[in-house]
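Since chain A is already given, all that's left is putting chain B on it; use the hints.
Each chain, letter by letter, is given below.
There are 2 protein chains.
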Amino acid sequence: MLTKINVSLESRSYPIYIGDGILTDSKLILTAIHSNQVVIVTDSNVANFHLKAVKQHFSKNECHTFILSPGEESKNFVELERLLSFMLENNINRNATLIALGGGVVGDLAGFAAASYQRGISYVQMPTTLLAQVDSSVGGKTAINLPLGKNMVGAFYQPQAVFIDTSTLKTLPNREFNSGMAEVVKYGLINDADFLDWIGANVLNILAQNGDTLNYLIQRSCENKAKIVSADEQERGIRATLNLGHTFGHAIETALGYGKWLHGEAVAAGIMMALFMSWKLGFLHKGQIKEIKLLLTQFSLPTEAPQQITPEQFIALMSKDKKNIDGSIRLVLLKNFGDAFVTNDYLKEILLETVENHAY
Amino acid sequence: MLTKINVSLESRSYPIYIGDGILTDSKLILTAIHSNQVVIVTDSNVANFHLKAVKQHFSKNECHTFILSPGEESKNFVELERLLSFMLENNINRNATLIALGGGVVGDLAGFAAASYQRGISYVQMPTTLLAQVDSSVGGKTAINLPLGKNMVGAFYQPQAVFIDTSTLKTLPNREFNSGMAEVVKYGLINDADFLDWIGANVLNILAQNGDTLNYLIQRSCENKAKIVSADEQERGIRATLNLGHTFGHAIETALGYGKWLHGEAVAAGIMMALFMSWKLGFLHKGQIKEIKLLLTQFSLPTEAPQQITPEQFIALMSKDKKNIDGSIRLVLLKNFGDAFVTNDYLKEILLETVENHAY
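Residue numbers (the numbering used here), protein chains in the order written: chain A, 1 to 360; chain B, 1 to 360.
I should point out that these hints are in silico values taken from the structure, not numbers from a laboratory. Positions of the beta carbon are idealized from the N, C-alpha and C atoms, including for glycine. Where hints are given, some of them may not hold.
Keeping only pairs whose Cα atoms sit at most 20 Å apart, straight-line, the calculated DMTMM-like set for lysine to aspartate or glutamate is [as the list claims (entries may be wrong)]:
id, chain 1, residue 1, chain 2, residue 2
1, A, K280, A, E349
2, B, K323, A, E62
3, B, K60, A, D326
Derived Cβ-Cβ restraints for the label pairs, each shown as a range [said to hold, decoys possible]:
id, chain 1, residue 1, chain 2, residue 2, range
4, B, F49, A, D232, 41 to 51 Å
5, B, P15, A, K170, 55 to 65 Å
6, B, F86, A, I315, 12 to 22 Å
7, B, F86, A, T343, 21 to 31 Å
8, B, R12, A, L294, 41 to 51 Å
9, A, T171, B, K335, 53 to 63 Å
10, B, Q234, A, N61, 23 to 33 Å
11, B, E73, A, K227, 45 to 55 Å
12, A, T65, B, I325, 15 to 25 Å
13, B, F86, A, G21, 42 to 52 Å
14, B, S319, A, H34, 19 to 29 Å
15, B, Q313, A, I315, 46 to 56 Å
16, B, S319, A, S69, 22 to 32 Å
17, A, L347, B, E89, 20 to 30 Å
Here chain A stands alone, though its shape is the one from the complex (with noise of 0.2 Å):
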């Protein structure tokens, strides 16, 4: 079954393919790549698995392939300069698409990559971790990390499609797939408090690999996004609700260095402190709050902060936060479940209390 979901942004509008198999669907993919000059951006790992399947459509084009190290390190200034000079070295023109093939680190440098060489060639996405199906490779958001803060560096640039092969998943390790579920509960939190009640009915399936169960999962995640990028595709607004959980999520990232934790099990430790803030000010109940550490536990996530980052360490990073405007720190907090909204109306000190209480 393939399903097709539209991200509708006027000319820069495109298709999320999503299908058990369709990496390997040569007429599919060929519909969206009309260059000559290919260039396959992918990681070590992936290219185990899935370079090959995706190489065979291009055995009529000039097809490159560039191999970076897997993991958050690699998403960089060396790496992106690494990646250009390859392009350039194999005289690369305006009119080649970039393809990039992995997870989020793969689709964000190389989307980046795809935004300003040149001053910008096509790209589409073939992401291969629950996370970057998700969420990371829908909606043009590229990046690379600076060493003191993550994506500080990027564009807005979407691609010309998307392929999710939902059977790379069945390669993917256990902690990848948990770490792509904390993007999954997002959506319900902000948005869509049917599905995190379906999510909560389907924990057994979900971790079970179940196809349909994850077909589905996969679509309703991906319309989320759409429906928001199309109301908000340059962050104006509604678009930072997505951010619930990452203000907290980037600073331990960050804090801890690079790769040590997964970006969902980062956003999922974040995303209990939103919920405690939240409850704090008044909007949501315990009872909520323990549902939902009760639901990422379900899928191994982290559900506190690591001991070793202080308060001090937390409010330093996060005023840091691409969401701040001016010299206060924006949250994305809960109303209600799929309810968000962004503020930096509290008090100073519930934001001390959230980041020195690390037990919710």
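Just chain B, lined up with the frame of chain A:
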């Protein structure tokens, strides 16, 4: 006298202001800058002359200054990351405005930093060289260099405004002033034969940097540039004609090492090569080539490529040009003065003869 030219690009439209002393005009400058946080990017030469005047407008703002080493060698990944990290260290947020105060190197690098910091913040151009005033500060092309090619990484990203203070030319070295004249002559050649006549008739006034003459020269150059950019922001067609002489010129700059020749010097030699090749293809007569050679010589500009660059080097470097789309080198040539076109339809021998033949 204050001249205002509009670059018409729908929601990305912006004004170019031209006038003597306008960098000291707080009221005018603050029409374009509404941020509390301001980051001035400049180089150490320009800082000596103009930084104090610009800084004084921001006594009530949070104002940061970042100073580059002068010259093309600074337009690289190392300096870009240094600037972006400086901004993050200082908790610069998305509402900030970056000011590019200087020549083309400062404008290109700072513009790309504005395009990519937190996926895009506002910036304004305050060009202080003739080249930046008539060309690089207008039109939103931002970039840095790779070792293998000029301007190969960047973004189309428009400023909020351009402030051209003609009094800054008084402190500009003659060699820099003359470099800018190559781009001025270019407008005449590609699009505005009357302007070319005017330049020829006003060489002495231009060399004497007569105020009214310079004002008119900059204004007419900006009008030409604004018209072309408004018609074709992302260089799908006519904008490529602004590259007359640049395919050859970029190869010269890259082959010699960035900064050895000034950009306009390389463009001047490149223009002569493009004219020679146009003549070989039957479009110009010999007298027209001589006329431009004389004109460029009056501005002390080189009219032939450095002897040490081999034809093979030229071809290899030109093969990486951004205009190329199918493995052949696309060139901007002239049918006549004021009538440029882009082509890859020529005998390879004629290009070879052009890059072999060093005196035209």
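Indices of hints not satisfied (ascending): none
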